[in-house]
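Chain order of the listed sequences is E and S.
Read in order, the letters of the first sequence correspond to residues 0 to 128 in numbering that gives the first Met the number 0.
Read in order, the letters of the second sequence correspond to residues 0 to 165 in numbering that gives the first Met the number 0.
Worth flagging that the hints you see were computed from the coordinates, not collected in a lab.
Be aware that a few hints might be false.
Capping the alpha-carbon separation at 20 Å, the derived lysine to aspartate or glutamate pairs in EDC-like fashion look like this [claimed, not checked]:
{"id": "1", "chain 1": "E", "residue 1": "Lys84", "chain 2": "S", "residue 2": "Asp123"}
{"id": "2", "chain 1": "E", "residue 1": "Lys96", "chain 2": "E", "residue 2": "Glu62"}
{"id": "3", "chain 1": "S", "residue 1": "Lys31", "chain 2": "E", "residue 2": "Glu62"}
If you want a taste of the chain E side facing chain S, the calculated C-beta under 7 Å gives, among others [stated by the list, open to error]:
{"id": "4", "residue": "Glu36"}
{"id": "5", "residue": "Lys77"}
{"id": "6", "residue": "Asn110"}
{"id": "7", "residue": "Val114"}
{"id": "8", "residue": "Leu121"}
{"id": "9", "residue": "Leu122"}
So these bits of chain E aren't anywhere near chain S, every CB distance computed over 10 Å [unchecked claim]:
{"id": "10", "residue": "Glu16"}
{"id": "11", "residue": "Ile54"}
{"id": "12", "residue": "Ser55"}
{"id": "13", "residue": "Ser73"}
{"id": "14", "residue": "Asn93"}
{"id": "15", "residue": "Trp107"}
If you're wondering where the values come from, they're calculated on a predicted model, not measured in any experiment.
We put the CB at the ideal spot given by N, CA and C, even for glycine.
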Amino acid sequence: MTTLDIKNFITDKVKIEFIEETIEKVKLDFIGELDFENPESVVFPFFNEIHNKVISNKVKCVEVDFTKLEFLNSSGLKTLIKWIKTDITLPEDNRYKFKIIATSKIHWQENALKVLPMLSPLLIEIKII
Amino acid sequence: MKLQKSLNSGFVELIFGPRWTYIAAVRNFLQKFLFVTLEDVKSADLISMAASELLENAIKYASEEGTKISVKHFKEDDTLDLAVENYSFSDNIKILKEEIEKVNIGSPEEMYLFKMQEAALRTDGGSQLGFARIRYETCANIKLDATSDLVKIVVSFDLTKIRGRK
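Bound-form chain E, shown alone (with noise of 0.2 Å):
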């Protein structure tokens, strides 16, 4: 596989981009402030598409990073935990794992992220740096 084919989502507020894509990982990079009013008809088909390609391609991993995420709404953290969702209640071998990589320097990442490994501490890593 060389590509998901699914185009960056960028508004003016905020990027997701496809950083890396291999068969054993796609990278995504959030950029900006994520605090749509309703992300779920905004971002959530965009999470989808996503989840839907790395299933059909039997990509091992998603890794998401929000060094660059200044700010995200807990709408738009609902919307990540659904996507983690939706990955966890497939049957085990379709599953993929998320590394999601957040940093200390923007506050509210720390905390705000580090539980989300305990809604499927199999599938869910955390690395803060």
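Chain S: place on chain E using the hints.
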């Protein structure tokens, strides 16, 4: 108009909208204001995050125009109160009251995780994760006062706890 000078404490009050497009502007202003007042970027970041979550609620649950946000720093106690006031319908005030009571029951981490699980199942666009997030990330106390259709949510921060938290 009487202007009161308080040299020992930071104080700010804004009345606006409420409109969604103001939220980021208010959040970014408060972050900068609090950084100057508290001289601590972590407290400024987390309190402005909390303000943003409260303002989102104010917009979602408002019955008419007008939201007041105020911040008062009590330097001697090393505490800070963040308050958001707006008009709301009685049904919405009831929802807010129940949500605050619910997140105040368990430990902040347990309730945050519980609300995360619950949020993933919601299909109405809302998350109802904001209060649990504020309490978990900042160890703050959250309370609601309602007089008729005017609702005021006050979040009290112990700044020593925020600075000391790993």
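Taking the hints in turn, this is what the structure says about them:
1. Lys84(E) x Asp123(S): holds (17 Å)
2. Lys96(E) x Glu62(E): Satisfied, since the Cα-Cα distance of roughly 8 Å is no more than 20 Å.
3. Lys31(S) x Glu62(E): It is violated: about 32 Å lies between the C-alpha atoms, which goes past 20 Å.
4. Glu36: holds (5 Å)
5. Lys77: Hint holds; Lys77(E) Cβ to chain S Cβ min 4 Å, cut 7 Å.
6. Asn110: Since the shortest Cβ distance to chain S is 4 Å, the answer is holds.
7. Val114: holds (6 Å)
8. Leu121: violated (17 Å)
9. Leu122: Interface hint status for Leu122(E): violated (14 Å vs cutoff 7 Å).
10. Glu16: Fine: 21 Å to the nearest Cβ keeps Glu16(E) off the interface.
11. Ile54: holds (18 Å)
12. Ser55: holds (23 Å)
13. Ser73: Non-interface label on Ser73(E) violated, nearest chain S Cβ at 4 Å vs cutoff 10 Å.
14. Asn93: Holds, since 18 Å exceeds 10 Å.
15. Trp107: With a cut-off of 10 Å, Trp107(E) comes too close to chain S, as the shortest Cβ separation is near 5 Å.
Comparing the model with each numbered hint stated earlier shows that hints 3, 8, 9, 13, 15 do not hold.
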